[in-house]
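Protein chains: 2
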Amino acid sequence: MAPRFSVTYFVRAADAGEAKARALDIALEQTVEIPRDVVPKGYVEEEILGRLESLEKSPDGRPGFLATISYSDDDIGGDFPQFLNIVFGNSSIKPGLKVEDIGLSPGILALCKGPRYGIASLRARAGIGESPLLMSAIKPVGLSTKELAGLAHDFALGGMHFVKDDHGLVDQKTSRFDERLRACVEAVGEANAKSGGKTSFVPNVTGPANAVIERAKQAQEVGAGGVMIAPALAGYDVIRTLAADPDFTLPIISHPAFSGANVVSPDCGFSHRAFFGALHRLMGADAVIYPNFGGRFGFTREECLSIARACSAELGGLKAIVPAPGGGMTLNRVAEMREAYGNDIMYLVGGALLQETSLVEACRRLFAAVHA
Amino acid sequence: MAPRFSVTYFVRAADAGEAKARALDIALEQTVEIPRDVVPKGYVEEEILGRLESLEKSPDGRPGFLATISYSDDDIGGDFPQFLNIVFGNSSIKPGLKVEDIGLSPGILALCKGPRYGIASLRARAGIGESPLLMSAIKPVGLSTKELAGLAHDFALGGMHFVKDDHGLVDQKTSRFDERLRACVEAVGEANAKSGGKTSFVPNVTGPANAVIERAKQAQEVGAGGVMIAPALAGYDVIRTLAADPDFTLPIISHPAFSGANVVSPDCGFSHRAFFGALHRLMGADAVIYPNFGGRFGFTREECLSIARACSAELGGLKAIVPAPGGGMTLNRVAEMREAYGNDIMYLVGGALLQETSLVEACRRLFAAVHA
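Residue numbers (this note's numbering), protein chains in the order written: chain A, 4 to 375; chain B, 4 to 375.
The hints are simulated quantities; they were obtained by calculation from the structure and are not laboratory data.
A quick note: this is a predicted structure, and the numbers were derived from the prediction, not measured.
Don't take every hint at face value.
Remember, identical chains collapse to one label, so a pair may be satisfied in a single copy or spanning two.
Below are the DSSO-like pairs computed for lysine-lysine, each with C-alpha atoms no more than 30 Å apart in a straight line [as the list claims (entries may be wrong)]:
no.	residue 1	residue 2
1	K220	K149
2	K44	K149
3	K201	K23
4	K220	K116
5	K44	K220
6	K176	K116
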């Protein structure tokens with residue numbers, strides 16, 4: 004028998020009988036997808052068929068049960084999308100089911116080497132000790148490359164450790180990808196020369212299927228300090244592929260665009276910690292952007308902290324990564340965020356800085372507030 | 004000014020004032036993602052910023068409004084993932100928003116050539132007139148290539164027009180992708196030689212990021228009759244890339260694995276017709292698999308029929324595609340489905356046929372029932 008990994012699902016159900024029936028359905032649906040009475044005896048039934056390992060009433064008061072189902076490493080077939088398919092392929096379409104947690108196995112860990120860098124290396128790149136990291140974004144779409152590079156320069160001069168493309172910046176005619184990449188790497192380099200800082204420029208390489216890997220490698224050649232990818236748009240295996248590529252050496256920052264439905268509904272998708280924490284670490288993201296509590300998105304403080312904890316909790320020996328909450332962050336929320344997150348965080352502040360008269364000064368005030 | 008495309012969102016809101024505020028937030032969030040007071044005058048404000056075109060109370064009784072927002076073709080940047088990002092990138096993370104419909108523009112139609120084949124060509128391949136198509140799936144994972152090829156043979160001999168891999172079949176050690184592909188193409192060819200039929204074998208090419216396109220091209224070389232891809236796993240641009248590739252000539256069938264959260268919640272994601280209809284046609288899928296009503300998934304009859312209608316409704320001149328409802332389909336539901344869907348459908352029947360003593364006979368009974 005091969006080793007098995009496990010998935011714990013929240014199963015909406017009125018009673019234990021209904022929950023058990025639904026859990027056994029998941030075990031069937033996610034593996035053999037045929038009626039129970041025709042599952043072939045022997046290898047298929049004993050190895051491939053999902054196995055209900057435990058079932059208990061949901062301890063947090065939600066109207067349902069937690070069902071843990073184990074799956075065979077043999078079913079993964081060396082294929083991360085197939086791993087996701089086993090975790091939640093067809094069952095994602097059934098209301099009242101949610102992936103709560105994932106228990107690893109040797110097969111998953113052989114496939115997913117995890118982040119190449121993680122939080123410790125990102126801090127080393129930024130030249131800081133165990134203090135928070137700072138990131139900002141050049142925007143909006145529609146500005147010229149010169150204007151965007153000017154923003155990148157000022158963010159760097161103001162002390163941001165990472166300056167990224169807005170996730171909507173791709174290859175628009177107002178600022179072509181390759182032109183912007185070169186101009187921003189150069190602008191950040193100039194600011195570093197002035198300040199003695201070590202700011203990295205991080206282009207958004209999310210793009211057409213045949214361009215993502217190419218743009219990521221171009222970013223490396225030109226001297227960028229990382230790349231940003233939105234896995235829900237680019238495909239869930241792209242980050243893993245890049246993180247495992249021995250010729251690719253940049254940190255990877257993930258962006259949550261288009262992934263919202265996977266987490267916002269209490270009735271489907273994933274728990275916040277499983278999606279933004281465990282899955283993104285397995286993919287190999289070094290930092291994970293997600294919407295902060297109290298901003299313009301609806302995540303609660305507890306959901307956000309569950310993501311932050313999942314970024315560093317023991318997970319098969321994979322490196323701890325950086326939670327990067329953003330979305331409506333302002334300077335006067337720093338105290339509250341420091342209290343909530345502590346030091347293992349990357350503050351992503353964008354629009355609020357652009358509202359200030361002097362961008363460089365605004366960045367410096369933010370830097371001071373975060374490191375006070 | 005560039006042409007504009009539009010997106011109609013359902014916006015949960017208590018009154019028109021709240022709805023308008025939320026709609027203006029979407030217009031900002033999906034384009035410039037900075038506070039309204041710092042949006043640069045001129046090109047950014049006039050061209051790039053989303054524009055609220057209309058707002059009306061939801062006519063179907065849901066507690067909210069329909070907001071139509073237009074976006075500039077300039078923002079797409081020749082990039083389908085960026086188009087999706089504009090449609091619903093960050094706003095996917097806000098509860099109480101749903102993409103209802105998409106209004107096309109020249110920019111989208113330049114980017115999305117749509118399905119290469121569509122329903123008429125799939126029927127021609129199958130050698131039938133304006134009658135329903137039939138598809139089945141070889142499974143489960145864990146069977147040997149020989150056993151799976153035997154099933155493919157029998158499905159073909161029984162009259163199924165398309166025989167596909169189960170979406171969980173990838174490159175497991177029990178049946179390697181290339182070995183299964185060759186064996187199944189051969190087995191279906193043998194059955195066709197016996198029956199005079201024109202059954203196509205359709206391998207699942209969803210897989211690692213660097214393998215999908217390669218496996219699709221391998222399928223073409225070996226003589227498969229189509230490929231199946233789950234876009235939510237493989238990435239939303241892969242089908243479009245293949246459909247637009249002049250050297251790739253196979254029909255593409257999409258599978259809904261891992262996409263459930265995008266449709267099942269009333270509070271987030273897409274309407275069924277926008278997701279499985281419009282988006283899949285824009286991607287270039289020739290047939291779209293989705294869970295049928297009354298099976299083991301929760302889609303309603305009306306949701307399913309809205310998908311079927313969206314597969315053939317006028318959409319920028321793109322070809323009509325085939326709705327392929329499946330998931331718990333049995334022989335005794337044929338009458339009900341014929342009444343609901345008419346002839347423009349591909350019946351996807353899998354597990355129910357495997358429960359019968361003679362697979363070939365079961366397929367023939369299904370064929371007869373569908374064409375009676």
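For each hint, the structure was consulted:
For the identical chains of this complex, K220 and K149 are intra-copy neighbours only, at 23 Å inside a copy versus 42 Å across copies, given an alpha-carbon limit of 30 Å. When the C-alpha separation of K44 and K149 is checked against a cutoff of 30 Å, the pair qualifies only between copies, where the shortest distance is 17 Å, while the shortest distance within a copy is 66 Å. In the homo-oligomer, the alpha carbons of K201 and K23 never lie at most 30 Å apart, since the shortest distance is 55 Å inside one protomer and 43 Å across protomers. With identical chains, the CA atoms of K220 and K116 are at most 30 Å apart both within one copy (20 Å) and between copies (28 Å).
With identical chains, the CA atoms of K44 and K220 are never at most 30 Å apart, being 48 Å at best within one copy and 35 Å at best between copies. With identical chains, the CA atoms of K176 and K116 are at most 30 Å apart between copies only, with a shortest distance of 21 Å across copies and 37 Å within one.
The structure does not agree with the numbered hints 3, 5 stated previously, though it agrees with the rest.
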